[in-house]
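Trainee: If you want the building blocks of each chain, they are given just below.
Number of protein chains: 2
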Amino acid sequence: MSDQQPKNPHDLPDASGIPIGILGGTGDQGKGLARRFALAGHRVTIGSRKADRAQAAADDLIAGDPDAGLRVSGAENPVAAGESDVVIVAVPWEGHKATLESLRDELAGKIVVDCVNPLGFEKGKGAFALPVEEGSAAEQAAAVLPDSRVVAAFHHVSAKLLLDPAVGEMELDVLVLGGDREATDLVQALAGRIPGMRGVYGGRLHNAGQVEAFTANLISMNRRYKAHAGLRITDV
Amino acid sequence: MSDQQPKNPHDLPDASGIPIGILGGTGDQGKGLARRFALAGHRVTIGSRKADRAQAAADDLIAGDPDAGLRVSGAENPVAAGESDVVIVAVPWEGHKATLESLRDELAGKIVVDCVNPLGFEKGKGAFALPVEEGSAAEQAAAVLPDSRVVAAFHHVSAKLLLDPAVGEMELDVLVLGGDREATDLVQALAGRIPGMRGVYGGRLHNAGQVEAFTANLISMNRRYKAHAGLRITDV
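If you read the sequences in order, they're chains A and B.
Under my numbering, the first residue of the first sequence carries the number 1, and numbering increases by one thereafter.
Under my numbering, the first residue of the second sequence carries the number 1, and numbering increases by one thereafter.
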């Protein structure tokens, strides 16, 4: 690109029609993202350790929006990883590294979107960021998956709002981090497929740790303000 | 408070008329905050290692808004710290610990507002968060100043916008962190004195590190979007 004009950062690819796999899609965050992407017309495969649990989550989403024609199915994680070009990682932090290590072959060449927040909770202290040897969950994913295109995104999305049928629009910007411009552009475009959401480039993976950790601040705000706090970026 | 109603988090004290000291007020961030607080009617003392440099910064601000009747003066840091009830710490990270240690007596009993971002820069990598032994600049301040009421705030405010005479309103929320409710409420109210700004509670000091580090992400956004990115918190 060196002798071309810099690419307009607001010029994003068409992400409609891209099938999405969601590892850990039976948890609230993964299931909520599955619901919103299915409502936006995407084919979604919910992954889980057990195929029947994944299918039950998919059936639950279809039953919740019976007239929407949602294309959601459930499968074991390796199947969900293998059949989608974009795979969202929404597993619990405790199982993050082992799950990704076990799926290295299936995830090779794919865009892997990590939305995991390594947080601890203590009574009287609330939520706080856990130390991560690699710097962040996203950098751990990149270390474990050298043949995948790892992007970090969707950290701050309230699972409760994603799953709430009364919430038509998600009022927040999704920060998208990574060093692979084509991959971050596509994930920004995917975020923009969900009404109200906007995907904003947020830096490279070495700056993902604070974005993950910031979820603890949002939890503090939610408690203080009885809210579902989200971020908007101004002047962008 | 245990048998009272919880305090409404939007009910903040009147912060007009509170004099403000700014350590490191000759740097762009400190000088910019000095300008905006003086324009909002506060008496501001710019602190610096050298009184004449501090006074030159104050004179510069007064000359920039000659009809505003700004009440800004300059003094050595210990004087600026001693004569104000609220003292903003805007010194470079390199001198942070030593400067605060040297001002422990002057800052005792005061509300100390730390806005320092411990960041590094490398060519090809951009901005990144530096490791801080205490977890964050704000926690370092709290460790060094056991008799002060340390609050973290104003990390994400663009110095360029603060100093730009063409910018009437600062379009962003200021995250205010700390465990002393009276102090964080007052600093939130102070943020709200600057047109366009709003002070939002952002958690306690153990969650300050990611707020400081997030400045690196804003710098990445500014570069990608040719912007002065700021945060707004939704649903609060």
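Treat each hint with caution, since some may be false.
Below, simulated DSS-like cross-link-like pairs (lysine-lysine); rule was C-alpha separation at most 25 angstroms, straight line [unchecked claim]:
(1) A:Lys7 <-> B:Lys226
(2) B:Lys7 <-> A:Lys7
(3) A:Lys125 <-> B:Lys7
(4) B:Lys125 <-> A:Lys7
(5) B:Lys50 <-> B:Lys123
(6) A:Lys160 <-> A:Lys226
(7) B:Lys226 <-> B:Lys160
(8) B:Lys7 <-> B:Lys50
(9) A:Lys7 <-> A:Lys50
(10) A:Lys125 <-> A:Lys7
(11) B:Lys7 <-> A:Lys226
(12) A:Lys123 <-> B:Lys123
(13) B:Lys160 <-> B:Lys123
(14) B:Lys125 <-> B:Lys50
(15) A:Lys123 <-> A:Lys226
(16) A:Lys160 <-> A:Lys125
(17) B:Lys7 <-> B:Lys123
(18) A:Lys160 <-> A:Lys50
None of these hints come from the bench; they were simulated from the model.
Trainee: Would you mind marking each hint as holding or not holding in the structure?
Mentor: Right, here's what the structure says about each hint:
1. Distance restraint check for A:Lys7 and B:Lys226: the Cα-Cα separation of roughly 12 angstroms lies within the 25 angstroms cut-off, and the hinted pair is therefore satisfied.
2. Proposed proximity of B:Lys7 and A:Lys7 is contradicted: the alpha carbons are some 49 angstroms apart, above 25 angstroms.
3. At roughly 19 angstroms between alpha-carbon atoms, A:Lys125 and B:Lys7 fall within 25 angstroms of each other, so this suggested pair holds.
4. Restraint check: the Cα-Cα separation between B:Lys125 and A:Lys7 comes to about 19 angstroms, which is no more than 25 angstroms; the hinted pair holds.
5. Only pairs whose Cα atoms come within 25 angstroms are accepted, and B:Lys50 paired with B:Lys123 is rejected, the gap being roughly 32 angstroms.
6. Between the alpha carbons of A:Lys160 and A:Lys226 the distance comes to roughly 13 angstroms, so the proposed pair stays at or under 25 angstroms and holds.
7. Between B:Lys226 and B:Lys160 the CA atoms are separated by roughly 13 angstroms; this keeps the pair inside 25 angstroms, and the hint holds.
8. About 43 angstroms separates the Cα atoms of B:Lys7 and B:Lys50, which puts this hinted pair outside 25 angstroms; it is violated.
9. For a cut-off of 25 angstroms, the pair hint linking A:Lys7 to A:Lys50 is broken: about 43 angstroms separates their Cα positions.
10. Between the alpha carbons of A:Lys125 and A:Lys7 the distance comes to roughly 44 angstroms, so the proposed pair goes past 25 angstroms and is violated.
11. Under the criterion of a C-alpha separation no larger than 25 angstroms, the hint pairing B:Lys7 with A:Lys226 is consistent with the structure, at around 12 angstroms.
12. The straight-line distance between the Cα atoms of A:Lys123 and B:Lys123 is roughly 42 angstroms, outside the 25 angstroms bound, and the hint therefore fails.
13. At most 25 angstroms may separate the alpha-carbon atoms for a hinted pair to count; B:Lys160 and B:Lys123 meet this at roughly 22 angstroms.
14. Among the hinted pairs, B:Lys125 with B:Lys50 is inconsistent with the structure: their alpha-carbon atoms are about 35 angstroms apart, more than 25 angstroms.
15. At most 25 angstroms may separate the alpha-carbon atoms for a hinted pair to count; A:Lys123 and A:Lys226 meet this at roughly 18 angstroms.
16. Between A:Lys160 and A:Lys125 the CA atoms are separated by roughly 23 angstroms; this keeps the pair inside 25 angstroms, and the hint holds.
17. Only pairs whose Cα atoms come within 25 angstroms are accepted, and B:Lys7 paired with B:Lys123 is rejected, the gap being roughly 48 angstroms.
18. The straight-line distance between the Cα atoms of A:Lys160 and A:Lys50 is roughly 24 angstroms, inside the 25 angstroms bound, and the hint therefore holds.
The earlier numbered hints that this structure contradicts are 2, 5, 8, 9, 10, 12, 14 and 17.
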